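**Student:** Take a look at the letters that make up each chain.
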Amino acid sequence: MADVKKFVGFLYVDKTGGQWIVRDPEGKLWSLPMTDNPWEERQPFTPSDETELEAVPGHYKQMLGLPF
Amino acid sequence: MTAEHVRLDEARQHKAPWKKWGPYLSERQWGTVREDYSEGGDAWNYFSHDQARSRAYRWGEDGLAGVSDDQQRLCFALALWNGKDPILKERLFGLTNSESNHGEDVKEYYFYLDSTPTHSYMRYLYKYTQSAYPYSDLVETSRSRSRTEFEYELLDTGVFDQDRYFDVFVEYAKASPEDLLIQISVCNRGPEAAHVHILPTLWFRNEWSWAGNADRPTLQQVGAGPPGGVVQAVHPLLGERWLYCDGDATLLFTENETNTQRIFGAPNRTPYVKDGINDCVVHGRQEAVNPEKKGTKAAAHYRLTVPPGDSQVVRLRLSTTAPAEFARANGRAGGPFGGFDDVIQSRRIEADDFYASVIPASLGADAANVMRQALAGMLWSKQFYHYDVDKWLEERGSDPFKETRKQAPRNDHWHHMYNGDIISMPDKWEYPWYAAWDLAFHVIALTLVDVDFGKEQLRLMLRERYLHPNGQMPAYEWNFGDVNPPVHAWSTIFTYHLEKAKRGEGDIKWLKSCFQKLLLNFTWWVNRKDRSGRNVFEGGFLGLDNIGVFDRSAPLPTGGYLDQADGTAWMALFADNMLEIAIELALTDEDYEDMVLKFLEHDAWITSSLVQLGGGTGMWDEEDGFLYDVLRLPNGKAHRLKVRSMVGLLPLCAATVFEPELFEKYPDITRRFERFLNSRPELVANFHDPRKVGARGRRLFSVLDEHKLRRVLAVMLDEKEFLSPYGIRSLSRYHADHPYVLHFAGQDYCVSYLPAESDTGMFGGNSNWRGPIWMPVNALIIRALLNYYVYYGDDFTIECPTGSGRRMSLYQVAEEIARRLVSIFVKDSEGRRPVYGGSAKFQDDPHWRDLVLFYEYFHGDNGAGLGASHQTGWTGIVARAMHLFATTTAEQMLELGRDAAIIETESTWGARLGAART
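Residue numbers (our numbering), protein chains in the order written: chain C, 1 to 68; chain S, 69 to 986.
Don't take every hint at face value.
[As the list claims (entries may be wrong)] Below, computed lysine to aspartate or glutamate pairings styled on EDC-like, alpha-carbon distance capped at 20 Å:
| # | chain 1 | residue 1 | chain 2 | residue 2 |
| --- | --- | --- | --- | --- |
| 1 | C | K15 | S | E107 |
| 2 | S | K760 | S | D773 |
| 3 | S | K474 | C | E26 |
Derived by calculation from the structure, the hints in this document are not laboratory data.
Keep in mind it's a predicted model, so treat the numbers as computed, not measured.
From just these sequences and the hints, can you work out the full model?
**Tutor:** Shown next as structure tokens:
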């Protein structure tokens, strides 16, 4: 039976901070810096009350070098 | 044989890739299902027109008067700026489904003027305003209008007043399959000199961002070229190309990458993004383009000042020939533009020669112009359609094989689909996606000029990358699992016979291949859409959108279900067509003999069910002489929904004549079939008895026997009911004064005659089957009448119009309906085209009045064009009707049967068409 509490990786933009946010397959949130290797230099991200996440297509994952 | 015919032969034999480059760019990629990754499937709002200039597309490209290679790796299109618009005009603008009072609608004037089938010559016209384009006015005014009001058109805004606009003609001429000459002619129709920026633009479709380690292609300026400059394009798979720009132009470069800052508020990873050229030209931001003159998107920036009534020309050439080779061949002075004008002129003449061989001379100049633009529109409506559904589902977190998947808003069960092909679109702005049943009609017209392309299109929908493993044909991207009327087999056997007649030999291998897949599709219908196993078929709305009392694709508010007259009629026609194919195959391969008998019997079952099933509440109503849907309620009661609509005329279309040759070759088939019929007299009592031999020994398979046929024809040919001055209406005019009302559970469900736009939002509200004239179903009616004619002959006459006292053979009736359909487009005795209704600009202005648009459907009383304005797609089938009656006589039809529809002997129909107008 599918575990509906698990997520596949997904990509967002934080509209308030203007940065890429990733939710990995375990459900953890990461912010990506604007570097050549954004995924490798990811930082944990904790949304605040003001955080406004907009989902963007999975095909931007390649642009940001995400491994999933 | 004309030069274009030689090119078609070379393309077919794979000697030269004449079709590699063509008008394969869409007019609109934004707002499509493919580009939609929203949670709820809100395609129109997820990727908007406003975003399109800044956001890289995932699956395909769009552009103005554009071309690309057949994999859409390298694209070329036109961008314009009048110095007043807030953005470059890089693509057509239109309203989304929710912005307009009658659904999505392009708000531009553009015309597909000409194209040969190999695209060796093409011509396109765009009318560009000199004042600022009224984006906001169009949106706001349209939003404020109700469904009962007219649409707010661009002409209504006043931007074309005083003719302050440019006619921008774009011509393409191929010097060779990989060498495109491009000529842009800008004509100032206004009273004063006007400035305009012309930006022919070359770019690569962005494949590298989402293809892992894909090599990135490059565009860069190279020296030693003519004035204006040269762009070198290098692609790892496509190889090298050069775009030569003649005259005084500045080359601007950026990247076809999303401006993530503008779209998402996230910093860009490159300073040069998709809207860089826009920002440089419109806002003077020089830093938005790459000073190193390289990128993946480039434009040649021309600044023109055009005197009133005058024109200026920009010339370009996209070629595999390197600058040094041109210099060697033409000398440094001539370079890539040596002999340019000669090539353009040669291709124009060759296009004329080609169409002189296609368009019957008897049609006269105006009708010939209509027919040529119909075919041009069909050829310009080809598009590279790219959609890997499995990948798309995976990218949105809906991978069908992952346990943790999210539900996708649509197409969940179509993950086998990989589409990446050139496909004929219904309308590249309003419907830039294929629709299976539309496509079958497109082929009927396209085969006038390119049989090979027609065959490829039919085969494509049956390939494993399209047809569902369960046998269902994909409907359209909004819901591949929806159900379209099954007309694919009809188009297939038509195309087979056409090629056989033209080339002296049919492509049996292709026909067998199609037949095998069509068998899967036929069986899917039988197993999925016949609820009770009684050969009565459903199918939901079946392409006829709002025609019913209820939304036929949704659960009925009454409970129960519908016996659909059209669903069952479509299946009777499908069985007819499968029988035709089986017979053709059996004539060369006796293994198909059993399939002939299978479809003979299945045809009889379906046909019989349509008329008799249900006893006193069957679909046939003897009192009215018409067929209706039957509502079967949960309590066992049944009720005819007595709406006189196309639903009740479609059973008339399920009629096919068979030549005697099969029955002569296989007398055993005849014996076995007659034994079957003799043992089931209750079946034969309900439809035309196929044992009765007609003219020239032919047999007829038909839902309607002679009695019922006469009854239905009397209604159909009554001008107070279906027969409009411009063809057969989709709903009887009787319902104007007598709306059909069903009272149920305290609510009224009403259908009344609406000759123009829909007044409800059912199926998007952008189409209307409650009165207007639709070309494809009229074509099926003409086909059926000709089948009846070759069976019954000249002895069968009927009053047409009903009550007129004028009797006609069924050939003459078919011809009369075709004449009325064609008269929508050709000038009447006062020089007016009914398609343009009350639009003075289109009726009277010499720069507008001979430009013909092929709308989606037409006003039921005055023939004015409605719905999508460039649905040359299935409306283009009018070209086939024009050709048919201009090259065929009743005598030939009776003598030769179906082959008469294909031979090309000039008749006098064109002259009679003119006489009838005056």
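**Student:** Hint by hint, which ones does the structure fall short of?
**Tutor:** none
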